[in-house]
Amino acid sequence: DAGVIQSPRHEVTEMGQEVTLRCKPISGHNSLFWYRQTMMRGLELLIYFNNNVPIDDSGMPEDRFSAKMPNASFSTLKIQPSEPRDSAVYFCASSPRTSGGSRETQYFGPGTRLLVL
Amino acid sequence: AQTVTQSQPEMSVQEAETVTLSCTYDTSENNYYLFWYKQPPSRQMILVIRQEAYKQQNATENRFSVNFQKAAKSFSLKISDSQLGDTAMYFCAFMKHSWNDMRFGAGTRLTVKP
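One line per chain: the protein sequences are H and V, in this order. So the first sequence is numbered by this note's numbering: it starts at 1 and just counts up by one. So the second sequence is numbered by this note's numbering: it starts at 1001 and just counts up by one.
Worth flagging that the hints you see were computed from the coordinates, not collected in a lab. There's no promise every hint is true.
Claimed, not checked - Listed next, the in silico BS3-like pairs over lysine-lysine satisfying Cα-Cα at most 30 Å (straight line):
#1 Lys1096/V to Lys1055/V
#2 Lys1078/V to Lys1096/V
#3 Lys68/H to Lys78/H
#4 Lys1096/V to Lys68/H
#5 Lys24/H to Lys68/H
#6 Lys78/H to Lys1096/V
#7 Lys1055/V to Lys1073/V
#8 Lys1070/V to Lys1096/V
#9 Lys24/H to Lys1096/V
As the list claims (entries may be wrong) - The following residues of chain H were derived to be distant from chain V, with all beta-carbon distances above 10 Å:
#10 Ala2
#11 Gly16
#12 Glu18
#13 Gly28
#14 Asp63
#15 Arg64
#16 Ser66
#17 Lys68
#18 Asn71
#19 Leu115
#20 Val116
Claimed, not checked - Short derived list, chain V residues pointing at chain H, Cβ under 7 Å:
#21 Gln1044
#22 Asp1101
#23 Phe1104
Please read all numbers here as calculations on a predicted model, not as lab measurements. Just so it is clear, CB atoms sit at the ideal spot from N, CA and C, and this is done for glycine as well.
Using the sequences and the hints, build the whole thing.
Dropping the structure here:
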């Protein structure tokens, strides 16, 4: 089975440029999460979706960050304009939901390493 | 807010030995989930083991087991017969039953020495 797929795996850009990170969740999973990992702040949840609907975006640091999930198999995280402090590893994760409504394990993609110069 | 504390930034163990990684958490919830994730140098986040708070029995996955002490809010990970491939960052994580929001600890860097 294919796991969570993220692209690109590495991105180097200049300050002020727009950056778009992409994620394809595991087929059949109905929850999708975007995390950011930095040395200073560790792993932080940015936003998550249930059934393509954004549920909690309180972790999104600024208006420069936006995320969309147009369908069950695709999500994007966009940073516009990018800044050097946005340099981090961005993870996408997905999870199924059981019929009983309990939360399930999150499965992570390989991450996108972003460097903003 | 829930917090997860991993008090050991770094640990090392000899190959084939046993090592225990500590994790404590703070919550007023009664139903929740706890996880250990492994992050090797490749940066991939890999689930190691999961524990539901309502289960008294400690979870076990091959060489990995946990010591879940609900009253003490402690969730340690024991790795038996350590292997070189176990070298990684290990993250403890907490998730409330009613939410998808998972909180991670700062991580413990484990090095398995030959």
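Starting from Lys1096/V, check that the Cα of Lys68/H is at most 30 Å away, please.
-> 25 Å, holds
Straight-line Cα separation of Lys24/H and Lys68/H no greater than 30 Å?
-> 12 Å, holds
Examine each Cβ of chain V, and state whether all of them lie more than 10 Å from the Cβ of Ser66/H.
-> 19 Å, holds
Pair hint outcome, Lys1070/V versus Lys1096/V [Cα-Cα no greater than 30 Å] | 14 Å, holds
Checking the smallest CB distance to chain V, is Gly16/H really beyond 10 Å?
-> Since the minimum Cβ distance to chain V is about 26 Å, Gly16/H lies beyond 10 Å and the statement holds.
Interface hint compliance - Phe1104/V to chain H, C-beta minimum distance less than 7 Å | 4 Å, holds
Sort out whether Lys1096/V lies within 30 Å of Lys24/H, counting only the CA atoms.
-> Holds, at roughly 25 Å.
Report holds if the minimum CB distance from Ala2/H to chain V is greater than 10 Å, and violated otherwise.
-> 14 Å, holds
10 Å cut-off, C-beta based - Asp63/H kept clear of every residue in chain V = 21 Å, holds
Over 10 Å to the closest beta carbon of chain V is the bar; see if Asn71/H clears it.
-> It holds; Asn71/H is separated from chain V by about 19 Å at its closest Cβ, greater than 10 Å.
Was Val116/H rightly flagged as not at the interface, with every chain V Cβ beyond 10 Å?
-> 18 Å, holds
Agreement of Lys78/H and Lys1096/V with the hint, judged by alpha carbon distance not exceeding 30 Å | 28 Å, holds
The structure shown violates none of the earlier numbered hints.
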